[in-house]
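The task is simple: from the sequences and hints, build the whole structure.
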Amino acid sequence: RKEVEQDPGPFNVPEGATVAFNCTYSNSASQSFFWYRQDCRKEPKLLMSVYSSGNEDGRFTAQLNRASQYISLLIRDSKLSDSATYLCVVTGSARQLTFGSGTQLTVLP
Amino acid sequence: EAQVTQNPRYLITVTGKKLTVTCSQNMNHEYMSWYRQDPGLGLRQIYYSMNVEVTDKGDVPEGYKVSRKEKRNFPLILESPSPNQTSLYFCASSFTGGGYNEQFFGPGTRLTVL
Numbered sequence: 061r062k063e064v065e066q067d068p069g070p071f072n073v074p075e076g077a078t079v080a081f082n083c084t085y086s087n088s089a090s091q092s093f094f095w096y097r098q099d100c101r102k103e104p105k106l107l108m109s110v111y112s113s114g115n116e117d118g119r120f121t122a123q124l125n126r127a128s129q130y131i132s133l134l135i136r137d138s139k140l141s142d143s144a145t146y147l148c149v150v151t152g153s154a155r156q157l158t159f160g161s162g163t164q165l166t167v168l169p
Numbered sequence: 049e050a051q052v053t054q055n056p057r058y059l060i061t062v063t064g065k066k067l068t069v070t071c072s073q074n075m076n077h078e079y080m081s082w083y084r085q086d087p088g089l090g091l092r093q094i095y096y097s098m099n100v101e102v103t104d105k106g107d108v109p110e111g112y113k114v115s116r117k118e119k120r121n122f123p124l125i126l127e128s129p130s131p132n133q134t135s136l137y138f139c140a141s142s143f144t145g146g147g148y149n150e151q152f153f154g155p156g157t158r159l160t161v162l
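Residue numbers (the numbering used here), protein chains in the order written: chain P, 61 to 169; chain L, 49 to 162.
By construction, these hints were calculated from the structure, which means they are not laboratory data.
In this text, all values refer to a predicted model and were calculated from it rather than measured experimentally.
Watch out, some of these pointers could steer you wrong.
In silico SDA-like cross-links for lysine to any residue, where the CA-CA straight-line distance does not exceed 25 Å [claimed, not checked]:
hint : chain 1 : residue 1 : chain 2 : residue 2
1    : P       : K105      : L       : N99
2    : L       : K119      : P       : K62
3    : P       : K62       : L       : A50
4    : P       : K105      : L       : S128
5    : P       : K102      : L       : E101
6    : P       : K105      : L       : A50
7    : P       : K105      : L       : T61
Covered stretches of chain L, going by a simulated chain P footprint (3 or more residues, C-beta under 8 Å) [said to hold, decoys possible]:
hint : region
8    : 85 to 96
9    : 150 to 156
From the three backbone atoms N, C-alpha and C, an ideal C-beta is built for every residue, glycine too.
See below:
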């Protein structure tokens, strides 16, 4: 079983839609959680950290469910510029970051 | 400008010809690492370094070497490249290790081994 699993998509949504991605992780001792964004084979960039209480940054909301070992990312009012691959990242068993393989999002005009 | 740089950005080589991909950061970060990215597999860590002269294996270290003689530089060495090392490589750095800090990535090096 992969340490971090994501639905690869692709998710094709119209502008203005709300879209949600989930990510599950296998190591119950994981402590740090992040969402990174990667544009078309460019370098990943941090989108947001995920905190136990959940957190919001503008149109983006991240949630953590430790009991079920998943994290989620909600994007409201999708923009064309949100089209990218979203990477779920978890601190793994050796305290190194483990990346999911990514969920591809395309926002359509 | 705070950044991580990698060179070369693109490289086509042949099996067995030693190569080095350089990585440099100007943020005084202690932690540096190398990843490779392959379709469907996500980013996998090759090697990482917690500080100068401290390096350790990641998930896929076979066929790679690294060194950390200076804080800012972390070169990736392929002594005898093989076609299965064809991939997109990213160098990254962060203030400290342990998976708690934002990773800053270089622009990537696309390597093809024929």
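Verification of the hints:
As the CA atoms of P:K105 and L:N99 are separated by approximately 22 Å, the hinted pair is consistent with the 25 Å bound. A threshold of 25 Å between alpha carbons decides the hint, and for L:K119 with P:K62 the separation of about 33 Å lies outside it, so the pair is violated. Among the hinted pairs, P:K62 with L:A50 is inconsistent with the structure: their alpha-carbon atoms are about 33 Å apart, more than 25 Å. Only pairs whose Cα atoms come within 25 Å are accepted, and P:K105 paired with L:S128 is rejected, the gap being roughly 31 Å.
Between P:K102 and L:E101 the alpha-carbon distance is near 29 Å, which puts this suggested pair outside the 25 Å criterion. The hinted pair formed by P:K105 and L:A50 meets the criterion: a straight-line CA distance of about 14 Å does not exceed 25 Å. For the given pair, P:K105 sits about 29 Å from L:T61 by alpha-carbon distance, which is inconsistent with the 25 Å threshold. With 7 residues having a Cβ less than 8 Å from any Cβ of chain P, the region 85 to 96 of chain L passes the three-residue criterion, so the hint holds.
With a threshold of 8 Å between beta carbons, the proposed coverage of the region 150 to 156 of chain L by chain P holds, since 6 of its residues qualify and at least three are required.
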